[in-house]
Amino acid sequence: MAETSIAELAGTLTRKEGWGEVLLDVKDLQVYFPIRRGLIFERTLGHVHAVDGISFNVKRGETLGLVGESGCGKTTTGRAVLQLQKPTGGHVFYEGKDLVTLDPNELRRYRRDLQIIFQDPFASLDPRMTVGAIIAEPLEIHHLLTPKEREEKVRELLRIVGLNPYFVNRYPHEFSGGQRQRIGVARALILDPEFIVCDEPISALDVSIQAQLINLLEELQDQLGLTYLFIAHDLAVVRHISTRVAVMYVGKIVELADRADLYDLPLHPYTKALLSAVPVPDPTVEKRRSRIIMQGDVPNPANPPSGCRFHTRCPFAKPECSEAEPPLEEVQPSHYVACFFWKEIAERVAPPLSVN
Amino acid sequence: MPEPLLEVKNLRTEFPTREGVVHAVNGISYTVMPGEAVGIVGESGCGKSISALSVLNLVPVPGRIVGGEVLFEGQDLLKYSDDEIRKVRGNDISMIFQDPMTSLNPVLSILRQMTEPLVIHKGMDMAAAERRSVEMMEMVEIPFARTRIREYPHNFSGGMRQRVMIAMMLACEPKLVICDEPTTALDVTIQAQILDLLNRLRQDLGMAVIMITHDLGIVAGLCDRINVMYAGYIVEKAGTEELFANPRHPYTLGLLRSIPRVDQSIRQKLVPIEGFPPDLTRVGDSCPFQPRCVYAVERSEEENPPLTLVGEEHWVACWVNVYEGKEQSDG
Ligand SMILES: Nc1ncnc2c1ncn2[C@@H]1O[C@H](COP(=O)(O)OP(=O)(O)OP(=O)(O)O)[C@@H](O)[C@H]1O
Ligand SMILES: Nc1ncnc2c1ncn2[C@@H]1O[C@H](COP(=O)(O)OP(=O)(O)OP(=O)(O)O)[C@@H](O)[C@H]1O
Ligand code: SF4
Ligand SMILES: [Mg+2]
Ligand SMILES: [Mg+2]
Numbered sequence: 001m002a003e004t005s006i007a008e009l010a011g012t013l014t015r016k017e018g019w020g021e022v023l024l025d026v027k028d029l030q031v032y033f034p035i036r037r038g039l040i041f042e043r044t045l046g047h048v049h050a051v052d053g054i055s056f057n058v059k060r061g062e063t064l065g066l067v068g069e070s071g072c073g074k075t076t077t078g079r080a081v082l083q084l085q086k087p088t089g090g091h092v093f094y095e096g097k098d099l100v101t102l103d104p105n106e107l108r109r110y111r112r113d114l115q116i117i118f119q120d121p122f123a124s125l126d127p128r129m130t131v132g133a134i135i136a137e138p139l140e141i142h143h144l145l146t147p148k149e150r151e152e153k154v155r156e157l158l159r160i161v162g163l164n165p166y167f168v169n170r171y172p173h174e175f176s177g178g179q180r181q182r183i184g185v186a187r188a189l190i191l192d193p194e195f196i197v198c199d200e201p202i203s204a205l206d207v208s209i210q211a212q213l214i215n216l217l218e219e220l221q222d223q224l225g226l227t228y229l230f231i232a233h234d235l236a237v238v239r240h241i242s243t244r245v246a247v248m249y250v251g252k253i254v255e256l257a258d259r260a261d262l263y264d265l266p267l268h269p270y271t272k273a274l275l276s277a278v279p280v281p282d283p284t285v286e287k288r289r290s291r292i293i294m295q296g297d298v299p300n301p302a303n304p305p306s307g308c309r310f311h312t313r314c315p316f317a318k319p320e321c322s323e324a325e326p327p328l329e330e331v332q333p334s335h336y337v338a339c340f341f342w343k344e345i346a347e348r349v350a351p352p353l354s355v356n
Numbered sequence: 001m002p003e004p005l006l007e008v009k010n011l012r013t014e015f016p017t018r019e020g021v022v023h024a025v026n027g028i029s030y031t032v033m034p035g036e037a038v039g040i041v042g043e044s045g046c047g048k049s050i051s052a053l054s055v056l057n058l059v060p061v062p063g064r065i066v067g068g069e070v071l072f073e074g075q076d077l078l079k080y081s082d083d084e085i086r087k088v089r090g091n092d093i094s095m096i097f098q099d100p101m102t103s104l105n106p107v108l109s110i111l112r113q114m115t116e117p118l119v120i121h122k123g124m125d126m127a128a129a130e131r132r133s134v135e136m137m138e139m140v141e142i143p144f145a146r147t148r149i150r151e152y153p154h155n156f157s158g159g160m161r162q163r164v165m166i167a168m169m170l171a172c173e174p175k176l177v178i179c180d181e182p183t184t185a186l187d188v189t190i191q192a193q194i195l196d197l198l199n200r201l202r203q204d205l206g207m208a209v210i211m212i213t214h215d216l217g218i219v220a221g222l223c224d225r226i227n228v229m230y231a232g233y234i235v236e237k238a239g240t241e242e243l244f245a246n247p248r249h250p251y252t253l254g255l256l257r258s259i260p261r262v263d264q265s266i267r268q269k270l271v272p273i274e275g276f277p278p279d280l281t282r283v284g285d286s287c288p289f290q291p292r293c294v295y296a297v298e299r300s301e302e303e304n305p306p307l308t309l310v311g312e313e314h315w316v317a318c319w320v321n322v323y324e325g326k327e328q329s330d331g
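Read top to bottom, the protein sequences are chains L and G.
Residues in the first sequence are numbered from 1 upward in steps of one, following our numbering.
Residues in the second sequence are numbered from 1 upward in steps of one, following our numbering.
Do not rely on the hints blindly, as some may be mistaken.
[Claimed, not checked] Keeping only pairs whose Cα atoms sit at most 25 Å apart, straight-line, the calculated DSS-like set for lysine-lysine is:
no.	chain 1	residue 1	chain 2	residue 2
1	L	K86	L	K97
2	L	K59	G	K269
3	L	K59	L	K97
4	G	K175	G	K9
5	G	K269	L	K16
6	G	K79	G	K175
If you are wondering where the hints come from, they were derived from the structure by calculation, not from laboratory data.
Let the sequences and hints guide you as you build the complete structure.
As structure tokens, then:
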């Protein structure tokens, strides 16, 4: 992968210290999008509750995985954390400072520390810019370094992400998806950030090259002490890369735990159903597994179900589930669940990945 | 020994383009027995879809089938006239695509779209066709099928549309269903619904299935046999259990090693397949996987290995026995 040892390039990127301290503390984050209709007089008909009051923290040097089905609010969460999307409510404390309350000027200082890698390596790179210009753009925006120094730095970063520095003057269309995603990683790294939101960074890549990028991200984290919020819908990849994992459902976090606890002993019925739905590339396991097949579709976040949002599909729902909303509670050390009946369900149902 | 339902023999399909001829399908052969589920796996661009479209003589322009036979119940579909093949499609053989909207007409009600082929192909009267259509919608668990069948495709969610597609295809009782990434655009819980449905229908109705996907998990759960494709070739084929227990092609092995699994202990590091997917305008004499292969030998560069029988119904196109070859190169 990265052929030059990243440590050798200490002049370019620094190693972050303070492993395990809380870097980012998100409190009651809300993002509502207005639904507008009407040609001349726009009326707001309601709101999409894309993110509806979620709290979590991310510790230095860890990867917090964020999973959930399409439209549950993962990308919106990532964007709101970075203030690329203005939250409707709540707080995002970064090193103790609430980013939500900062004015644009103050925010600029923090932008350098907080970066994002996008899902689509085809749409996220400007086709008219050379690779060198794309990677150097953040330096330009922040008025850092001379043109000569920028070029040198771009070459170093290309090396770090495993691309030939010789490519600086080429255009994105001359690269494969996996190579483009590396360009995106180089761009995110150039300001020497602390924290990177990786929004489905491998979903658009071929299976055969996903592992290359996962290894690169892991290696960068090991050597630079980076902190990731890793958004993906591939539960096996999230398990591989994450320290802890949060599961979202229709704008809410329904479960959050260390990855081993979450995958081995999930407590929320949705997490159980999600894990039981993942196909395993092993016919002997597939034959012996019992699946929870959930009926129905994911609800519309413009009109989320009352009470527990999962009650319309939950195989264990009782009448009270549609009346009150279960809070996200720490039910075991570092294991948070939002379900009224997690305990009796755990006693009755075997974990989804166990085979009989 | 029963007769195969479908026998694809040495099928070749190309696309002449400005950059050169794209060799999309390079002489693939496989059979599907009645009621059997056969998987076709491989990464993007390896020729899965084009090989399936070739079976139905539906290759998009400027593509052309340049060789081979497609025997369906012994008859070569590639020799059929347009009229004859149209009778086979949607009748004996149906196809389900990744995006159901490509085969649903947005301006016609589901009822109209479902009953039309029944009236035309099966000669049913309207009332019978409607009864049958509602039955099929109920079979795929569309709630309120009797009323919802009068609605239009955009009124359904992605997962429901895919089920509507399956209902439409079932109405004609095909002997073979070709599914091209039918769940790739869907959420994992909805995917589980669709795969469960396909599995039940296959068991209850005895249809044969060709399942095209890049997800090894899907074929592991659904298929009896698997063809692994790379660069327009089938590089390995075997029974599902044999293939997973005993993968022999370096590409198959590489795929299995490079993906994390939810049910296994967490590995320290994934083993990626290095390099990049092949350029199909450039096919030479060498093994197509050679540039990325860690097991490659001198011969791999000179000669493309043919599919060879290495175990019971287990075929591999590779010059190296990866299990022994590895030891040799270590020493
Ligand atoms: N700019 C916007 N205006 C209106 N609605 C939006 C906007 N952005 C997102 N939404 C809605 O908010 C909800 C959450 O979207 P988001 O993109 O965060 O989901 P996601 O979990 O990232 O999904 P995916 O897995 O498909 O990427 C969705 O219902 C989406 O339609
Ligand atoms: N209309 C076309 N013109 C030129 N080349 C084409 C055309 N359609 C397909 N091809 C080429 O044929 C090859 C096989 O394509 P095919 O669609 O069968 O791949 P696939 O295995 O189904 O991939 P995916 O997983 O992305 O669907 C590809 O390399 C593709 O670029
Ligand atoms: S609170 Fe009720 S509906 Fe929600 S997950 Fe728990 S049992 Fe199911
Ligand atoms: Mg998203
Ligand atoms: Mg395809």
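Now the hints, each set against the structure:
no. : hint           : result
1   : K86/L x K97/L  : 16 Å, holds
2   : K59/L x K269/G : 22 Å, holds
3   : K59/L x K97/L  : 15 Å, holds
4   : K175/G x K9/G  : 19 Å, holds
5   : K269/G x K16/L : 22 Å, holds
6   : K79/G x K175/G : 20 Å, holds
The earlier numbered hints are all upheld by this structure, with none contradicted.
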